[in-house]
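Participant: Okay, here's what each chain looks like letter by letter:
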Amino acid sequence: GAGVSQSPSNKVTEKGKDVELRCDPISGHTALYWYRQSLGQGLEFLIYFQGNSAPDKSGLPSDRFSAERTGGSVSTLTIQRTQQEDSAVYLCASSLEGRIYEQFFGPGTRLTVL
Amino acid sequence: TQLLEQSPQFLSIQEGENLTVYCNSSSVFSSLQWYRQEPGEGPVLLVTVVTGGEVKKLKRLTFQFGDARKDSSLHITAAQPGDTGLYLCAGDNFGNEKLTFGTGTRLTIIP
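Protein chains in written order, with this note's numbering: chain A, 67 to 180; chain B, 13 to 123.
Some clues are possibly wrong.
[To be verified] If you anchor each label on the Cβ, the simulated ranges turn out as follows:
(1) A:Glu151 <-> B:Pro20: 23 to 29 Å
(2) A:Ser128 <-> B:Thr63: 38 to 44 Å
(3) A:Asn76 <-> B:Thr115: 35 to 41 Å
[What the hints assert, rightly or not] Calculated cross-link-like contacts (lysine-lysine; reagent style DSSO-like; alpha-carbon spacing at most 27 Å):
(4) B:Lys110 <-> B:Lys68
(5) B:Lys82 <-> A:Lys123
(6) B:Lys68 <-> B:Lys82
(7) B:Lys110 <-> A:Lys123
(8) A:Lys81 <-> A:Lys123
Note that these hints are calculated values from the structure, not bench results. Here the structure is a predicted model, which means the values were calculated and not measured. A virtual CB, placed ideally from N, CA and C, is assigned to each residue, including glycine.
Sequences and hints are given; from them, build the entire structure.
Facilitator: Next up, the structure:
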């Protein structure tokens, strides 16, 4: 596609349920990043993929969070046993290899945990 | 932990006025980026500055990277309503494949 796409655009779930968020990066972009943004503030880094590997998982807030990437393309961020503090906008970005300074962002998934 | 502090946090000015937004850190960055984000969308890259003291201009926007590569500023001349949005600075650190984002400045231009 022409840009980074994310689905769903909005997700409302009940506390304790699992959710999966999907990211389709720009074709040819080998690097993929997940961020979390609360209340229109700055972005919190979650995880980075180079190809299908995640060399840096240091940003994942807890072991309830996991992510995978398959075929060097689509990535899924999974949150298990969601908590109210997980409510935020989850943003995905992609870039060419080594061009961390030139990331292209998707529109985000707004997650609300009731 | 690297931090990027932006100021002001909120800014509301009349159309036609000039403004400056600041991005400061105690850490050195290899490059620094500025993004603009509108409601319901992801951030959009405006510029990357890589050399200490560098100045880049994009129409009415002027970006400067501090000599010590620890800070940056964004100056907007003759602000227009279309400039409204959340402005974010972000820095990368010499091969560490992770951007550090600033706290954000929410800018509102009043027609």
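Participant: Decide, hint by hint, whether the structure agrees.
Facilitator: Hint check results:
no. : hint                             : result
1   : A:Glu151 <-> B:Pro20: 23 to 29 Å : 27 Å, holds
2   : A:Ser128 <-> B:Thr63: 38 to 44 Å : 39 Å, holds
3   : A:Asn76 <-> B:Thr115: 35 to 41 Å : 25 Å, violated
4   : B:Lys110 <-> B:Lys68             : 23 Å, holds
5   : B:Lys82 <-> A:Lys123             : 26 Å, holds
6   : B:Lys68 <-> B:Lys82              : 17 Å, holds
7   : B:Lys110 <-> A:Lys123            : 11 Å, holds
8   : A:Lys81 <-> A:Lys123             : 24 Å, holds
Checked against the numbered hints above, the structure violates only hint 3.
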